[in-house]
Amino acid sequence: MAWTGNTGGGQQMAHMQMMYYPTPAVESSSGDEVAEAVVNFLKWLYHFINTNEIYHVENMYEDGFYKISEFYFKDKPWPAPEVVQEITEEKDEQSIFMILYRELYYRHIYARLKPTLEHRFDSYSNYCELFAYLLAADEPVKIELPNKWLWDIIDEFVYQFQSFQQFKSKAGKINEEEKNMLRDEDDAWKVTAVLNILIQLTEKCNINAQLQAIEAGEPVTEDIAGEFGMKTIYTMTGFFSLVGLLRLYCLLGDYHLALSCIQHVAFKDKDMMALVPACQITANYYAGFAYFMIRKYANTIQLYQSILGYVQRTKQFFQNRSFQAEDINKKNDQMLALLAISSYFCPLRLDESVNIQIKEKHSEKVTRLQHGDMTVYDELFFIGCPKFLSPVVSENSSSPFGSSGPRGLQLQVFKAEVEQQRLIPTLRSFLKLYTSIPISKLAKFLDMHENEVRCCLMAFKHKKEIAKGHGGDQTTLDIDFYVDKDMIHISDTKIARHYGDYYVQQILKLKESNKMIIGAALTTPAVAPVTPVTM
Amino acid sequence: SQDMIDDKAVVSTQSTGEGLGRLNPEKVDFYIDYIKFQVEHGFYDGDANLNILKLYQFSPDLITRSSIDIVHLILVKALMQLPKEDYVFCRAQLSQDMIDDNLTKKIDDVATLLETCLFPKFWSVVQEEKIFSEMAGFVEAARCFICHVIQLTYKNIEIDFLKQLLGPLSTDQEFDEILERHSWEVNGDSVFIGHKEEMVESKEIVEKMPIEVVRPLLAIR
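So the protein sequences, as listed, match chains A and B. Counting from 1 along the first sequence, just add 2 to a position and that's the residue number in our numbering. Counting from 1 along the second sequence, just add 1201 to a position and that's the residue number in our numbering.
Honestly, the hints are just simulated from the structure, not real lab data. It is possible that part of the hints are untrue.
The calculated lysine-lysine pairs, modelled on DSSO-like cross-linking and capped at a C-alpha distance of 27 Å, are [claimed, not checked]:
1) B:K1285 x A:K270
2) B:K1307 x A:K317
3) A:K513 x A:K317
4) A:K470 x B:K1409
5) B:K1307 x B:K1331
Far from chain B by the CB rule (all over 12 Å, computed), these chain A residues [claimed, not checked]:
6) E88
7) E224
8) E452
9) F483
Every residue gets a Cβ at the ideal spot worked out from N, C-alpha and C, and that includes glycine.
Using the sequences and the accompanying hints, generate a full structural model.
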């Protein structure tokens, strides 16, 4: 439906939906012509953004942008910003619409094409404009944007920084011209600037104070949130920036600051985080990873179990978005790998569905873990860990995947823990067999001196205490014991058979099968009635 | 354009305030003096110390020949916080050069001895390095951690073994003071630490089904 300049109502919406369905594309050889559907999309988007009709903006953003990209711009960029300015008759190239359009434009290039160095610099400038628009304002801006779009902006911002660092570290692949550009434009994508922007976004809306109030069950007033914090766009951007900081600090190996970002964030279902599923998954993954690196495995297990369950339950909603689904599947696998290690060091009761997933993905590795194979830790860690970054990449930096690159450094931290845990699983498996055993006997089994065994017993208790994290209601599968002089007394924990999960899985499977059978029966052509043969 | 330059200026201004990791390279000397002060006077500020490591990570040009000494101080101070995770936080921020340094490796070995509770060996190793013997409060902090682990593990512990774990004590009185501080009682040739029987009570773990798991079933007609 062509743009006529008036804005009707529901009817307009229905017509608009039609225009996203692939119309016979106006394939032009010059490549200059913009397809009609795209023109309409841009005009409508421009209109709705300027009139703050957030419901329509959300629809266009979540649905239209994706579909049009798929159909018209699968392997080429969206129209250049100058062209779009013409189409929408926007006079000001620094207007918020143009800034937002450019963000989409570059995001598309990063996703489907390869960004040039110039793209990277221009995109960074555009982000500076966008954030300056929010931060430098004397009073809260009038525009409203859908939460998903705000999250994607922050997520993409961190991603493009990551991409830039990785680009710089591939010293061998940078040509001479690019090297000169890098030297000249050394302001762009500096780690301190990126962090600073995110921090300022969190401070603009006093997000930490808001979260503390929510934690305490108090209402969030203007006293707490400040003038800017009372507007959704600032609060949500601030919250998403917290998650962005969590992620960035993990990538830089700073688990202390990573965890301090989320100290007031409640990882519950009805939370700010739940408004955008991708945000929830990202936040849970990185928080769990930070806990994993500081050996608080119970926390990791708790977070990952709940988010994996969430992903299972909402899987169907992501099916139609191939990018999102891919991302989510990747995070899923990463969490499973880390869970395999965590539950080996800290046996906790895992949901049946999670157990099944781990078995499906990593059964061979889990077996090797249990047999004391020390090489499998590296493999699982590499699968589960994020793409670490170094804050400064010099021209002569080593590869990020080398032993002294950022990933190698974090691996060393992890391997220290692996080494410290080395004797504990064996100790555990022996203690499981007894309710009491003298130290001397255990020492014989383990082929160790008695004092070594005593120290190992203490190490077991020490590690267990750390892994507990901030407690909670997890059911531990682990043994417990105490030492009375030269005798060890071990707990006797029985697990009642858990049928519930299994039944739920089977009931749901049956429901699916029934659906399929009924569906098939309805579409099968009716069998022609057999007429009896009369002779 | 001028606007673009101003925009960049807005977002790159560094304030000197505290925040979620806002760093100011100009403050590095202040932080270095601060940790020396901590070492001398026996107190601890983990956040400030981590800031130094972060500054080294972000601005490698701040690193001088003597920076590694500061790193060592930070690591030992962090180690004294066991069972808290300060040491791991610090360790994850070190560069390969810092890690390869001989004294760093020694400190790391000591950290491993503590984490694996090989306390008798720990005491003999720390006597070999000045950094431990000259660090105010190190011995006390180590003992504090060791007593914590003993408390977790033991109901009764043999006196001789306990003394091995606590390391070289200058007087018997010191030993008695430790016992008193933790309310431990001498009982012949062993020391009573605390009742632990409830730890090993028979437990049966019963299944719990959270509502989210059951909800999909309720929707089935």
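Structure-based check of each hint:
Restraint check for K1285 (chain B) and K270 (chain A): satisfied, since their Cα atoms lie roughly 26 Å apart, inside the 27 Å limit. Annotation: proposed proximity of K1307 (chain B) to K317 (chain A) is violated, straight-line Cα distance about 50 Å (limit 27 Å). Taking the CA atoms of K513 (chain A) and K317 (chain A), the gap is near 17 Å; set against the 27 Å cutoff, the hint holds. A distance of roughly 20 Å separates the Cα atoms of K470 (chain A) and K1409 (chain B); the hinted pair therefore holds under the 27 Å criterion.
Proposed proximity of K1307 (chain B) and K1331 (chain B) is supported: the alpha carbons are some 11 Å apart, at most 27 Å. For E88 (chain A), the non-interface assignment is confirmed: its Cβ lies about 20 Å from the closest Cβ of chain B, beyond the 12 Å cut-off. Consistency note on E224 (chain A): stated as away from chain B, and its beta-carbon is indeed over 12 Å from all of that chain's, at 22 Å minimum. Distance to chain B contradicts E452 (chain A) as a non-interface residue, since its nearest Cβ pair spans about 9 Å, not more than 12 Å.
For F483 (chain A), the shortest C-beta to C-beta distance to chain B comes to about 6 Å, within the 12 Å cut-off, and the non-interface label is violated.
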